[in-house]
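Could you put together the complete structure from these sequences and hints?
Spelled out from the first residue to the last, the chains are:
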Amino acid sequence: MTSLTSRLKGRSELGVALLLGAAGGLVLWDAVGLVTPYSKSDPVGPKTVPYIVAGLLLVCAVMLAINVLRGGHGETEGGEDVDLSHPADWKTVLPLAGAFIANVLIIDWAGWVISGTVLFWGSVWALGSRHYVRDGLISVSLSLLTFYGFYLGLGISLPAGLLEGIL
Amino acid sequence: MDVFSSLMDGFATALTPMNFLYAVIGVVLGTAVGVLPGLGPAMTVALLLPVTYVLEPTSAFIMFAGIYYGGMYGGSTTSILLNTPGESSSVVTAIEGNKMAKAGRAAQALATAAIGSFVAGTIGTALLAVCAPIVVKFAVSLGSPSYFAIMVLALLAVTAVLGSSRLRGFASLGLGLAIGLVGMDSVTGQARLTFGQPLLSDGLDIVVVAVAIFAVGEALWVAAHLRRTPLHIIPVGQPWMGKEDWKRSWKPWLRGTVLGFPFGALPAGGAEIPTFLSYVTEKRLTKHPEEFGKGAIEGVAGPEAANNAAAAGTLTPMLALGLPTNATAAVMLAAFTSYGIQPGPQLFESEGPLVWALIASLFIGNFLLLVINLPLAPLWAKLLQLPRPYLYAGILFFATLGAYSVNLQAFDLVILLVLGALGFMMRRFGLPVLPLILGVILGPRVEGQLRKTLQLSAGDPAGLWSEPIAVGIYVIVAIILAWPLLLKAWRRSRPQAEPAFAGMPATSEADPDRTDAGGANPHPFDDRDLDTTRNTAAGRQERP
Amino acid sequence: MSIIVGYLPSPEGTAALEAAITQARKDAKLLVVINSSRGDALVDKRYAENEEIAGIEERLKKEGIEHLVQQPVRGNDAASEVLQAAEQHRADLIVIGLRRRTPVGKLIMGSTAQQILLEAGCPVLAVKAAHQS
Numbered sequence: 000m001t002s003l004t005s006r007l008k009g010r011s012e013l014g015v016a017l018l019l020g021a022a023g024g025l026v027l028w029d030a031v032g033l034v035t036p037y038s039k040s041d042p043v044g045p046k047t048v049p050y051i052v053a054g055l056l057l058v059c060a061v062m063l064a065i066n067v068l069r070g071g072h073g074e075t076e077g078g079e080d081v082d083l084s085h086p087a088d089w090k091t092v093l094p095l096a097g098a099f100i101a102n103v104l105i106i107d108w109a110g111w112v113i114s115g116t117v118l119f120w121g122s123v124w125a126l127g128s129r130h131y132v133r134d135g136l137i138s139v140s141l142s143l144l145t146f147y148g149f150y151l152g153l154g155i156s157l158p159a160g161l162l163e164g165i166l
Numbered sequence: 000m001d002v003f004s005s006l007m008d009g010f011a012t013a014l015t016p017m018n019f020l021y022a023v024i025g026v027v028l029g030t031a032v033g034v035l036p037g038l039g040p041a042m043t044v045a046l047l048l049p050v051t052y053v054l055e056p057t058s059a060f061i062m063f064a065g066i067y068y069g070g071m072y073g074g075s076t077t078s079i080l081l082n083t084p085g086e087s088s089s090v091v092t093a094i095e096g097n098k099m100a101k102a103g104r105a106a107q108a109l110a111t112a113a114i115g116s117f118v119a120g121t122i123g124t125a126l127l128a129v130c131a132p133i134v135v136k137f138a139v140s141l142g143s144p145s146y147f148a149i150m151v152l153a154l155l156a157v158t159a160v161l162g163s164s165r166l167r168g169f170a171s172l173g174l175g176l177a178i179g180l181v182g183m184d185s186v187t188g189q190a191r192l193t194f195g196q197p198l199l200s201d202g203l204d205i206v207v208v209a210v211a212i213f214a215v216g217e218a219l220w221v222a223a224h225l226r227r228t229p230l231h232i233i234p235v236g237q238p239w240m241g242k243e244d245w246k247r248s249w250k251p252w253l254r255g256t257v258l259g260f261p262f263g264a265l266p267a268g269g270a271e272i273p274t275f276l277s278y279v280t281e282k283r284l285t286k287h288p289e290e291f292g293k294g295a296i297e298g299v300a301g302p303e304a305a306n307n308a309a310a311a312g313t314l315t316p317m318l319a320l321g322l323p324t325n326a327t328a329a330v331m332l333a334a335f336t337s338y339g340i341q342p343g344p345q346l347f348e349s350e351g352p353l354v355w356a357l358i359a360s361l362f363i364g365n366f367l368l369l370v371i372n373l374p375l376a377p378l379w380a381k382l383l384q385l386p387r388p389y390l391y392a393g394i395l396f397f398a399t400l401g402a403y404s405v406n407l408q409a410f411d412l413v414i415l416l417v418l419g420a421l422g423f424m425m426r427r428f429g430l431p432v433l434p435l436i437l438g439v440i441l442g443p444r445v446e447g448q449l450r451k452t453l454q455l456s457a458g459d460p461a462g463l464w465s466e467p468i469a470v471g472i473y474v475i476v477a478i479i480l481a482w483p484l485l486l487k488a489w490r491r492s493r494p495q496a497e498p499a500f501a502g503m504p505a506t507s508e509a510d511p512d513r514t515d516a517g518g519a520n521p522h523p524f525d526d527r528d529l530d531t532t533r534n535t536a537a538g539r540q541e542r543p
Numbered sequence: 000m001s002i003i004v005g006y007l008p009s010p011e012g013t014a015a016l017e018a019a020i021t022q023a024r025k026d027a028k029l030l031v032v033i034n035s036s037r038g039d040a041l042v043d044k045r046y047a048e049n050e051e052i053a054g055i056e057e058r059l060k061k062e063g064i065e066h067l068v069q070q071p072v073r074g075n076d077a078a079s080e081v082l083q084a085a086e087q088h089r090a091d092l093i094v095i096g097l098r099r100r101t102p103v104g105k106l107i108m109g110s111t112a113q114q115i116l117l118e119a120g121c122p123v124l125a126v127k128a129a130h131q132s
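Protein chains in written order, with numbering that gives the first Met the number 0: chain P, 0 to 166; chain L, 0 to 543; chain D, 0 to 132.
Residues from chain P shown here face chain L by an in silico Cβ test under 10 Å; the list is partial:
(1) V15
(2) P36
(3) L57
(4) A60
(5) H72
(6) D82
(7) W89
(8) V103
(9) S128
(10) L141
Capping the alpha-carbon separation at 20 Å, the derived lysine to aspartate or glutamate pairs in DMTMM-like fashion look like this:
(11) L:K101 to D:E51
(12) P:K46 to L:D459
(13) L:K293 to L:E243
Because the hints were derived from the structure by calculation, they are not lab data. Glycine included, each C-beta is placed from N, C-alpha and C at the ideal position.
Laid out in structure tokens, this is it:
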């Protein structure tokens, strides 16, 4: 028991194997449910490729799990603006995701100008800016600008929502 | 003179005032995102995909071409002035380029990079104009079996050769193929992986997938690991070169071009290997070996030329065969699909004017880069002072806007977030992004070719190898897949022999799936020469 | 008891440092030099380079002034870093440099100097950059 828990420790990558396995299982389950009509013009049918994909995902899941348990791990992606010396900063990522979700929830009801403002202002705040006035001005003008830009330039009318009639 | 007259028609299209304007916008935007940290050409083209709903295809692709070349150029600016190569292809430029800048020769380093890029880009584009029709002529004679084999090769080559772990590459490919399966099966009309959700029956929009993986995933990933210590930029004025610099640069430019183009055109060739080869070549041939490691201009001129020639080379299989070999080409291919244009060998015939206008605009874009960006270099350096919150909030903002404007439904934003989280996870656990995107884009087409092939052979699997080309390609596929085993055997027979270049495709390690990420080194080389590229400015902390 | 100076690599910052050194020489107190960055951009020209900081430290050593040079990068703006240091070292003087800002600019960008002047618990000496005529 103890050896298992100690082995699992620091192996969050097993979650990736789990995800791959789940995806593979899902593809397989979905493919089984498909009907293959007998047809001369389509000997391959709709099932073959899903089976192959499911097989690939499941094999990868198993091999990745073995690989991780034997001590292998993926090379975290670096970049110009990425500092891997500190662990993931959830205090930034979670509020950022929160701003994003807020936008998804209110966009159809409140309209793009309001939800876009919330999104940008919230993201900027999550990323550590504390110039509330400046950030607010930028958020509102960006949202207005894109709203009219899309309407006049691209002919796409984003939802006006609560501000219907004003904009 | 067929090519020539088509190309002239292309210039006529590309030089209309509106299209020229889009070329300028593309070049400026591309350079800006190349300079800005955390933004790359692939992400930018992905964020701009919504414009394809209103813009004419020709204008859109002229702009995308500008972004592609501009991004290459911008990347070299930051690697010279800051020593933080944004793209793996400008890693080598940073070695000598940053040393030159530190020695007070930033202006010359930027100039040789810019002019070298221009020279290589122009020659590379000319080669593209000549080669692509030849490849097409060859490709249109191929049947479904060969075409199926070529696409399988492209998928496997990118998955198995690039990146440091083949296993993780295949995992990523599998996920991409699964995403590509979602929606109505084109032959039988059955819904696959839609879970009864009518919104999914048209499949996942490629715009949403590309934006999620490249923009949302990247923004979240960078937000989790923001660099806190400010870097110092080397101040620079107007780039210029003296007579001696010209004399030392022109040969490396040409040699870099010769190295870069073919590698770019190969599936999974990329720009990393030719830039590295160019660096090594210049180091060997130079008359000033003592300057290497201290800022030799040849070490900037050659790799930069190779980099841009490879960019032109990449477009050859993209336009001639519909096979993208890097992320930006993949997203551009997604744009073709969103116009309903079928990429592949038929492209030159069915969309001839578009393709030639695109090639002409590459020449124009190259020229614009030179005349616009040489005077603007100091301005680009200022762009680096943009506070990060605005940068990354802006990426999220425009990603949301782009994905939402596809269908104007909030459901797409949910998918955007889910796939963005997937992109984040992939970066965290070292799954490469490119196989996934290729899987999404090529997956349905591979399936289509497979079904067509077996339809022609009435269900006989032997139909798959009924063409000699297909057989030849399967042999290559087999070699790629067996490569690690072959290498192991070869090493065992010659125990002390070093491989030609250490870790060329990094997969050649004895156990490719055990990458111990000691230093998070984004590039595939292990050569000692490259140690200098590690960021030296990161060690500054608060003083007690 | 000590003197805090907010330093930037600019004419205003240099003027502030000079004024602070003059004061420290007079009273022989601890001089704390703060050069902070929010660290929110890839490049920050207000963040002094290593050589510059070394030069300042050498100069202060030569002058025989007891000193501390700090470069905090903690995501805080310059004003709160200076105020924090003032509280921590129980400063009896803060020295800052001033530059001209339009009212609109102040509204949008905020003003570090204004915040320090309003919130400091001790006298603040605000100096302008030396005129070059």
